[in-house]
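Number of protein chains: 2
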Amino acid sequence: MAQDMTLLWGSGSPPCWRVMIALEEKNLQGYNQKLLSFEKGEHKSPEVLDMNARGQLPSFKHGDVVVNESYAVCFYLESQFKSEGNQLIPDSPAEQALMYQRMFEGLSFYEKLNAVIYYEWFVPEEERHDSALKRNREALATELKLWEGYLQKLSSGSHLAGQSFSLADVTVFPTVATLFRFGLSAERYPKLGEYHALLKERPGIKASWPPHWLENPEGQDALKDV
Amino acid sequence: MAQDMTLLWGSGSPPCWRVMIALEEKNLQGYNQKLLSFEKGEHKSPEVLDMNARGQLPSFKHGDVVVNESYAVCFYLESQFKSEGNQLIPDSPAEQALMYQRMFEGLSFYEKLNAVIYYEWFVPEEERHDSALKRNREALATELKLWEGYLQKLSSGSHLAGQSFSLADVTVFPTVATLFRFGLSAERYPKLGEYHALLKERPGIKASWPPHWLENPEGQDALKDV
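Here the protein sequences line up with chains A and B, keeping their order.
full-length UniProt numbering puts the last residue of the first sequence at 226; the count rises by one with no breaks.
full-length UniProt numbering puts the last residue of the second sequence at 226; the count rises by one with no breaks.
Treat the hints loosely; a few may be bogus.
Claimed, not checked - Below 27 Å or equal to it, Euclidean Cα-Cα: the simulated BS3-like pairs (lysine-lysine) are: (1) B/K112 <-> A/K134; (2) A/K134 <-> B/K44; (3) B/K61 <-> A/K134; (4) B/K112 <-> A/K40; (5) B/K44 <-> A/K61; (6) A/K61 <-> B/K145; (7) B/K191 <-> B/K112; (8) B/K82 <-> A/K112; (9) B/K44 <-> A/K145; (10) A/K112 <-> B/K112; (11) A/K200 <-> A/K112; (12) B/K134 <-> A/K44; (13) B/K44 <-> A/K112; (14) B/K112 <-> A/K44; (15) B/K82 <-> A/K82; (16) A/K112 <-> B/K40; (17) A/K153 <-> B/K191; (18) A/K145 <-> B/K61; (19) A/K44 <-> B/K145.
None of these hints come from the bench; they were simulated from the model.
Quick caveat, the model's predicted, so the values are computed rather than measured.
Taking the hints into account, I'd like the entire structure generated from these sequences.
Structural data, given as structure tokens:
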């Protein structure tokens, strides 16, 4: 089915996971794929740089067409394979608006998560400040309360843009799963906990679950007090 | 035409400008609008917070539908008014892929610009480091070379995703214009200079040019050596 597609990816990377979920949902299994290691610096290898001048994963190719940015791949796949697998952009204007809105708010959500869990990775030792990390944690807590509120307004069992699973879920779920992997408390954030529990059983999400999370189901606890 | 739309915006904000360009291109003039001042903190006023819990501009409403994220508004308008004004998503799969790719790379471009020109705005005084600002400037220079290269590969007079003006231009042009407003050298970056010169004459862009740039045509020179 998808033999003319190639994906280079890293395990546990939310952007890579978004692409893999979109591929599953559009029924595009059987693509060529290669799991690379960020730790070994393989995202800067010639193989990646050849497809992606930024040296980032995911790197994705369909025939001669290269699309690397995860949101770009999601839009591209939905547009090119509209009638295959699950429809990922709802028809109703109101649901569509909500989907777009949540998708792009999802970028802030992801960024605020990273600013906490990868603070030491992003900031050289001599430039680190407890005050900055504290502010980042507070910004993440504020963001989490926003999303908890968004979910509260939806009827139970809903997806981010309403009744049906959409690109908003494709792009935001990997952030939510990473939050819980890093110890977020489902007692403090019950609606996010419910959403996580609902979607982690979805076939397209199960099939693309990060392999190193499966190998080592114990996560971290960096976010347990956020 | 667009009397059921309301836009709250700030002058010179690239996200606000994206929305205004999209509205112009889709022929949706005549919307209700209010120019607010970031300096006076009006983006945190009750009027904004009522539409946008993040207290950010743009804030946009179409009938009862609120969409605030600038990329979300662009997608929403193109989807809801597909056959009005200019078509902003190309038909060909290759151009579409390139458009999505450049749009989302555009977010990195914008972020790298901000990390230089708003460094002091984002980082409290006691957390600033010359080493960080230097790294941010280098990252911006690397990014600029990437875009210069992208434009070099296109035929002269092209837009970011090929022959026709698209959402890639709607979203990335305000970043490019801001670069030149802050003193970027068109001698160092001739292709970006050419792209800027071409698009600033486009009617939808002229009509939405930031009013305080018109009032005070003299920009800054923070980026002249980048």
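Review point. When you check the alpha-carbon spacing of A/K61 and B/K145, does it fall within 27 Å?
Key: holds, 23 Å
Review point. Is A/K145 within 27 Å of B/K61, Cα to Cα?
Key: OK: A/K145 and B/K61 at ~23 Å, within 27 Å.
Practice item. Verify the proposed pairing of B/K44 with A/K112, using a straight-line Cα cut of 27 Å. Key: holds, 20 Å
Practice item. For the pair we were handed, A/K153 and B/K191, check the Cα-Cα distance against 27 Å. Key: violated, 48 Å
Check your understanding: Within a Cα-Cα threshold of 27 Å, do A/K134 and B/K44 meet the stated pairing?
Key -> holds, 23 Å
Review point. Is it true that the CA of B/K191 sits at most 27 Å from the CA of B/K112?
Key: holds, 19 Å
Check your understanding: Straight-line Cα separation of B/K112 and A/K44 no greater than 27 Å?
Key -> Holds, at roughly 20 Å.
**Study point:** Given pair status - B/K40, A/K112, alpha carbons within 27 Å
**Key:** holds, 26 Å
Check your understanding: Going straight from one Cα to the other, do B/K134 and A/K44 come out at no more than 27 Å?
Key -> With a Cα-Cα distance of about 23 Å, the restraint between B/K134 and A/K44 holds, given a limit of 27 Å.
Practice item. Would you mind confirming whether the straight-line C-alpha gap from B/K82 to A/K82 stays at or under 27 Å? Key: holds, 17 Å
Practice item. For the pair we were handed, B/K112 and A/K40, check the Cα-Cα distance against 27 Å. Key: holds, 26 Å
Check your understanding: Is it true that the CA of B/K112 sits at most 27 Å from the CA of A/K134?
Key -> Roughly 23 Å between the alpha carbons, so the hint for B/K112 and A/K134 holds.
Hint violations for this structure: numbers 3, 5, 8 and 17, all remaining hints satisfied.
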